[in-house]
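S.K.: Chain residues, written in single-letter form:
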Amino acid sequence: MTGIDIRNVTKRFDLDGRSLTALEGIDLSVPEGSFAALIGPSGCGKSTLLRLIADVFAPSEGAIAVGGRPPREARLSHEIGFVFQAATLLPWRTVRENVALPAEIAGVTPRRSAEALIDLVGLHGFENAKPAQLSGGMQQRVAIARALMLEPKVLLMDEPFGALDEITRQRMNVELLRIWRESGTTAVLVTHTISEAVFMADRVHVLSANPGRVTGVVDVDLPRPRDFGLMKTSRFNALENAVRQLLFDEEENGAAKARAHG
Amino acid sequence: MSRPVDTPDWRALPTRGQEAERRLAATWAFLLRVGFGVALVVLLWGAAIEVFEVPPFVAPGPLATWQAFREHSGQLFAALGFTLTGVGIGLSLAIAIALSLGVVFTLSAPASRAFMPLVIGLRTVPVLAVAPLLIMIFGRGQGTTIATVVIVGFFPIMVNAMRGFRSVSPTVQELFHVAGAQWWQLLLKARIPFALPFIFTGLRVATTSALLSAMLAEWLSGAPGIGRLIYDALGYRDMGLMFAAVALSMGTAFVLFGIATAAERRLSR
Amino acid sequence: MAEARRSWIAEAWPPALTLAALVAALEAAVAAGMTPVTIPAPSAVAAEFADSWGDLLYHLGPSVAATALGFLISASLAALLAGIGAAWRKASGPVMTFGILIDSTPLIAVAPILIVFVGGGMTLHVIVAATACFFPLLVGMSRGFRAVERNADELFHVLAASRWQRLVKLALPSALPYLFSGFKIAAPLAVLGTLIAEWMGAERGVGIMMIYAMFSFDVPQVWMTILAVCLMAIGGYGLFALIERAYLRRTGMEAAPT
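Chains as they are written, first to last, in the working numbering: chain A, 4 to 265; chain B, 206 to 474; chain C, 5 to 262.
To be clear, the hints were calculated from the coordinates, so they are not data collected in a lab.
The C-beta atom is built at its ideal place from N, Cα and C for all residues, glycine as well.
Hints may contain errors.
[As the list claims (entries may be wrong)] Taking lysine to any residue and the SDA-like style, the derived pairs with C-alpha atoms no more than 25 Å apart in a straight line are:
1. B:K394 / B:P429
2. C:K173 / A:A135
3. C:K94 / B:L248
4. C:K94 / C:N155
5. A:K133 / C:A245
6. C:K94 / C:R170
7. C:K94 / B:R470
8. B:K394 / B:L248
9. C:K173 / A:A132
10. C:K173 / A:T97
11. A:K133 / C:W12
12. C:K173 / A:R115
13. A:K133 / C:T255
14. A:K235 / A:G165
15. C:K94 / C:R154
16. A:K133 / C:A14
17. C:K173 / A:N131
18. C:K94 / B:S297
19. C:K94 / B:S372
20. A:K133 / C:R254
21. C:K173 / C:P98
22. C:K173 / A:R96
23. C:K94 / B:I254
24. C:K173 / A:F129
25. A:K133 / C:L73
[Said to hold, decoys possible] Which stretches of chain A does chain C cover? Using the computed rule of at least three CB atoms under 8 Å from a CB of chain C, they are:
26. 51-61
27. 95-105
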């Protein structure tokens, strides 16, 4: 069991002495081997939630289990792969050395070589390039290869293609789905693009801001493997609208509530 | 360092009143820190004199220095005034020269290509080293002080001003071009406003080194400023006067630095 | 690569030509008797270099030694303080305040107090050189110790890296460009510190040689010593610039902003 279970999690930050509730009462589970998307306006704490799963922060209340164990244990046994919005490659290392970094730190000989992963993300021939020589999309591919180095049970992605242009992003999405199918990990994707969330995920979790709460879940029953043609179907549009409804209804309710209080 | 959280919404932002309160508190905290720092230095100084039983003809304590300061205050402030006059005139000249040359270099690409690398190269060199030469040229009066301040202040102002003039982005230049602006309109309405924070950075650097340069020039040339006074006092072994002069010049340096930093900060906000 | 070299030459020839033209014009002006006595012909300064380079070397020795020693002491102290500031967040404010105080203290005002306690010899020269170059070293090291990006820090956390791995694989390589940039700025300042201290008194040193030349109105020798000091400063700057460039080129990193 390497699914993710989040039970009644609340996270508060101390900002200049004031307490800021980033997340409140989050209940969420991601079944093993499935692909989940977290979507919400900025300030809804979706990135924070991802970092709670990765044990970068600890929850203020509630519990998180990664494969039935606390996140800390999962992290220390190198079961978590993390992809940031910025590629976060070490500029003094070549592509190969960047991809191999997790194995180097864990002190293990990985089952798959760095070269094989570089092939998997379609960067064959760039093994010895420095990050500065690569385009943004290529850098992000390196970051994904690095996250997969130790065959993590859980792959966490924080708006990995947010800085890329729309065309590159859609290509990367198709490729990410292929890589995910081949690796068989449990994946969580944070995004602020509705079509991306529907296209990628088995289940879309919609969050609202201030404080961050789960306002609804949309199950995406589209067949896999998915391709661009799918985006033109009416079923895809209906799912997009379902997510949109959850996102914007909540906003209007919030505004109405603010008016009522004011 | 507190980790930034996802952007909070407007309800979490501080109001104007809270901001003013915070600024006032910050000012108090700053003054308190300065006062605490000065008290600490004076205390350590007095304690060191007491503990090591330093005789007053080697180094006086804070109290003796204060007495000397009051006794010689006329002489001290006259000397400081002389030095600050030189600093003021020198800095004004340095600004005028640096900015006019900066404008010329900005407008003329060939002039910039021919001279800017030399200016940047000279900035890595300790220009204060030419002080003896300036004494030979300008003699033993205030001229040397002014010339030294000019030559030391010129380079940081010039280099930063050039950086500022060039910080105008190509899009802004295109905007002015499309609007049919003349070169002087681009200069007045874009280059100079964009350059101001940079110029003040240069001015801050120039101001902090200006006092040191002026005192050094006076000490070498014998002009009657505070730099000379310190060494005359050392020569007569009048340690009370020397410590008073040292304390006064250090205080002046910190105040000058504070003013220049505050001006820079206010402008680059 | 060839293109880079060509553009380098294209950038270098205008200032080189300007410099040559200035020197030639000065030479002509002196020959025509249009300059005051305090401005010698460049050829006279060159002749002075040729005549008294033995003397110059004799005086340069202790100056270089004092500069290098002062720089080393200052760098160690800056590393210690910046390390404390980086390890203990509460200390970083006071450490920086201390650096700014040192930086805005006029050296010339503190020197006499130092003279009273340590005398006017080599010790004074080293202390003043160390004080003069302290602030840029402190800034460079503080920035260097803080150069690790937040995301990179989180990456190493998620990868469960040990403290040692963080230091060797992340903190040190990130810090080096900032350290080099600080060294580059600090080296000429250490030279200036030594010079000022030597003006106040020394048996040997290029500063005292300059003062003697000034008092005996030996104009070419004053110019020669000034040029020698400038060359010392450029040498220090150039040394660190070369090391920096080699490191940046090998690692493919960008220079730290100054």
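S.K.: Holds or violated: the segment 95-105 of chain A covered by chain C, criterion of 3 or more residues with Cβ-Cβ distance under 8 Å?
M.R.: holds (count 3)
S.K.: Report holds or violated for chain C covering the segment 51-61 of chain A, Cβ cut-off 8 Å, minimum 3 residues.
M.R.: holds (count 4)
S.K.: When you check the alpha-carbon spacing of K94 (chain C) and R470 (chain B), does it fall within 25 Å?
M.R.: Measuring from Cα to Cα gives roughly 23 Å; hence the hint holds.
S.K.: Given the proposed pairing of K133 (chain A) with A245 (chain C), does the C-alpha separation stay at or below 25 Å?
M.R.: Status holds; Cα separation ~22 Å.
S.K.: Taking 25 Å as the top limit, are the C-alpha atoms of K394 (chain B) and P429 (chain B) close enough?
M.R.: violated (44 Å)
S.K.: Quick one, are K173 (chain C) and R96 (chain A) close enough, alpha carbons at most 25 Å?
M.R.: holds (10 Å)
S.K.: Need the status of pair K94 (chain C), I254 (chain B): alpha-carbon distance at most 25 Å?
M.R.: violated (31 Å)
S.K.: Does K133 (chain A) pair with L73 (chain C) here, judged by a C-alpha cut-off of 25 Å?
M.R.: violated (38 Å)
S.K.: Keeping to a limit of 25 Å between CA atoms, is the pair of K173 (chain C) and A132 (chain A) held or broken?
M.R.: holds (19 Å)
S.K.: Could you grab the alpha-carbon distance between K133 (chain A) and T255 (chain C) and see if it respects the 25 Å cut-off?
M.R.: holds (8 Å)
S.K.: What's the verdict on K394 (chain B) and L248 (chain B), does the C-alpha distance respect the 25 Å limit or exceed it?
M.R.: violated (53 Å)
S.K.: Starting from K133 (chain A), check that the Cα of W12 (chain C) is at most 25 Å away, please.
M.R.: With Cα atoms ~24 Å apart, K133 (chain A) and W12 (chain C) stay inside 25 Å; holds.
When held up to the earlier numbered hints, the structure conflicts with 1, 8, 16, 18, 19, 21, 23, 25 and fits the remainder.
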